[in-house]
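Peer 1: Model the full assembly from the supplied sequences, consistent with the hints where possible.
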Amino acid sequence: MPITELLLGGILLGGVYALMACGLNLIFGVMRVINFAHGDILAVAALSTVSIVVGFKLPFWVAIVVVPLASAALGVLIYVAILRRIEGAPMIMSLLATYALSTIVVNIAILIWGGGYSGLPGVLGGAVRLFGVNVSISRLVSFACALAISLAVWWILEYTRFGRAVRSVSQAPELAVISGISVERVRVATFALGTAMAGLAGVLVAPAFAIDPQLGSRFIIKAFAVIIVGGMGSYPGAILAALLLGVIEVMGSYLSGAVLGSAYLYLLMLGVLLIRPRGLLGTGIRI
Amino acid sequence: MRNRGALAIVGAAGIAALVLPLLGSDYAISFSIQLLIFLILAYSWNLIGGYTGYTHFGQVGFFGIGAYVGSLLIFHWGVPWYLAAAMAGFAGAAVAVPLGGAMLRLKGPFFAIGMFGLARVLEAFALGFDSITQGGTGIYLKPLGDLRPLYYVVAAVAAIMVLLTWRLDNSRLGLKLLAIREDESAAESLGIPTTRLKIGTFVASAVAPAAMGALYAVYLGFIDPPTAFAPNIELTTIAMVLLGGMGTVLGPLVGAVALSVVNEVLWANYPQIYLASVGVIILLAVLFTPRGLVNLGIRGGWLPAGRPLFRRLAQRAGQTP
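Note that the protein sequences, when read in sequence, are chains A and B. Here the first sequence is numbered in the numbering used here, starting from 1 and rising by one per residue. Here the second sequence is numbered in the numbering used here, starting from 1 and rising by one per residue.
Since the hints were derived computationally from the structure, they do not count as laboratory data. Don't take every hint at face value.
[What the hints assert, rightly or not] Taking beta-carbon pairs under 7 angstroms as the criterion, some of the chain A residues facing chain B (in silico):
| id | residue |
| --- | --- |
| 1 | T4 |
| 2 | I92 |
| 3 | L96 |
| 4 | A97 |
| 5 | A100 |
| 6 | T103 |
| 7 | I104 |
| 8 | G115 |
| 9 | I221 |
| 10 | F224 |
| 11 | L255 |
| 12 | V259 |
| 13 | L270 |
| 14 | L273 |
| 15 | I275 |
[To be verified] What follows is a list of derived Cβ distance ranges for each label pair:
| id | chain 1 | residue 1 | chain 2 | residue 2 | range |
| --- | --- | --- | --- | --- | --- |
| 16 | B | V19 | A | G55 | 56 to 62 angstroms |
| 17 | A | I156 | B | A258 | 42 to 48 angstroms |
| 18 | A | E87 | B | E188 | 23 to 29 angstroms |
| 19 | A | R32 | B | R167 | 44 to 50 angstroms |
| 20 | A | V54 | B | P193 | 57 to 63 angstroms |
| 21 | B | T137 | A | R164 | 56 to 62 angstroms |
| 22 | B | R167 | A | I112 | 45 to 51 angstroms |
| 23 | B | T227 | A | R85 | 34 to 40 angstroms |
From the three backbone atoms N, C-alpha and C, an ideal C-beta is built for every residue, glycine too.
Peer 2: Rendered as structure tokens:
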């Protein structure tokens, strides 16, 4: 039954896009910065996971702990060294800065790990039967974790003190300052959280997909499509659109080959822009 | 006095450009063609990125479209290369109109992420529709025996781009675009037709890159998807404009010349770190000279300030009693 298989495959793929899109949305909401290096942090995290497990022969859970922490540290470094210095500059500057950062990260990753593909076939191997379809455990786990983290971050934003501070900084920074919120601290924490999410996504992707330094560029285009289709700044929109786009990509790849399948997402994004520019669940964010 | 000096410089540059192919070696001509192609890309990017302030990460998409349209015209129908380049320019505009209409509904940052994937997607299409584009094998064109005609065409286009930018910089239209860059809502409320101007600028900034794509294919005698949609073309162009000065007349020129020399050295000696170093250049420019080298020159008094016409008008208005 190919339809079930395709639907399931698409939804599982969509989980990773959801995690990426949520991290990007989080960072954009608070800092009004679009992090073009987000996908490349994911790729480097995935490659580091392979190095930790295959190269250093450490168990997989070490990577789950270490890599997101290292990513968060990298996030703090990026924030302090670059983003804090161009706060208040025209938006184009932060776009160019993270775009340049993305190129630097990819090319350093190519220098370190080479341009080839690697993977973790031994970790979380095997398959289970679900709705009459064989599903690999690694994909199932990465989907479940990705969705759980996306929902957890959404919950944090809605219901915790930190989340309220984050939302207040993103909606009205001046009022946040008056209410005694340290905007600077919220910003650095948000950026670190966002990059840690990218790092964790990288760890989860490592056993499930073939990874190479260019993985991030391929993923982030889709995550961007997810954000635009789902509605900018909307969490439920991003999660819904991620699952939808995952299904469409898998269906498209099945019908006309993998190369064109992912390209259809872009056409879908163009279509959404023409018909409903604010996205499916977007409210039209003000910049 | 200053005008005469500027005229002398322009005249000298023009004569040097005309004479170079007669005196220079093949290497000099070849290098100049590459430099001029990048110069044209930089001036085109400056229109949408510098004046209108829209971060355009998809320009190499138009370059690639032009490269394929031009190559296919030459390959299948034997169209002369200069006509093929002109038609590639039209093709770029024909794609830019609907694409701009869709994309420019997005404000700044979302426009940037929307355009970001364009080149990758077009590359996927070029690979996927291999019955038309011959996919990854690429299209081989008959190489030009003499690069001099190509050089003259590229030099003429470059001169036109510089002239157009200079005219734009001293016009109401240029000010309107700058107003969009500074505050789009305010510009809209002043009665500036922002959407129309943005789409117009977007289309104008797509024509020359598409034509250059075709000429680049002719220059190489070969085109395949990774060459036509190469990320390094995008990155280098943006670095040139940013380094020289966005939204200035001379910025892309300064940036293109400076970076072309750097590129030549890096590309020849350290190709593996080339892209990372261009990234570092962009990052350093963003952090330390966000307004570009040209602005440093103006502040240092080595270069005349921009928009002389408006400065004169403003002075005259001040003098009337």
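Peer 1: Each hint should be assessed against the structure and marked as holding or not.
Peer 2: These are the hints, each one checked on the structure:
no. : hint                                  : result
1   : T4                                    : violated, 27 angstroms
2   : I92                                   : holds, 5 angstroms
3   : L96                                   : holds, 5 angstroms
4   : A97                                   : holds, 5 angstroms
5   : A100                                  : holds, 4 angstroms
6   : T103                                  : holds, 4 angstroms
7   : I104                                  : holds, 4 angstroms
8   : G115                                  : violated, 10 angstroms
9   : I221                                  : holds, 4 angstroms
10  : F224                                  : holds, 4 angstroms
11  : L255                                  : violated, 12 angstroms
12  : V259                                  : holds, 5 angstroms
13  : L270                                  : holds, 5 angstroms
14  : L273                                  : holds, 5 angstroms
15  : I275                                  : violated, 10 angstroms
16  : B:V19 <-> A:G55: 56 to 62 angstroms   : holds, 59 angstroms
17  : A:I156 <-> B:A258: 42 to 48 angstroms : holds, 47 angstroms
18  : A:E87 <-> B:E188: 23 to 29 angstroms  : holds, 26 angstroms
19  : A:R32 <-> B:R167: 44 to 50 angstroms  : violated, 34 angstroms
20  : A:V54 <-> B:P193: 57 to 63 angstroms  : holds, 59 angstroms
21  : B:T137 <-> A:R164: 56 to 62 angstroms : holds, 58 angstroms
22  : B:R167 <-> A:I112: 45 to 51 angstroms : holds, 48 angstroms
23  : B:T227 <-> A:R85: 34 to 40 angstroms  : holds, 36 angstroms
Violated hints for the displayed structure, listed by number in ascending order: 1, 8, 11, 15, 19.
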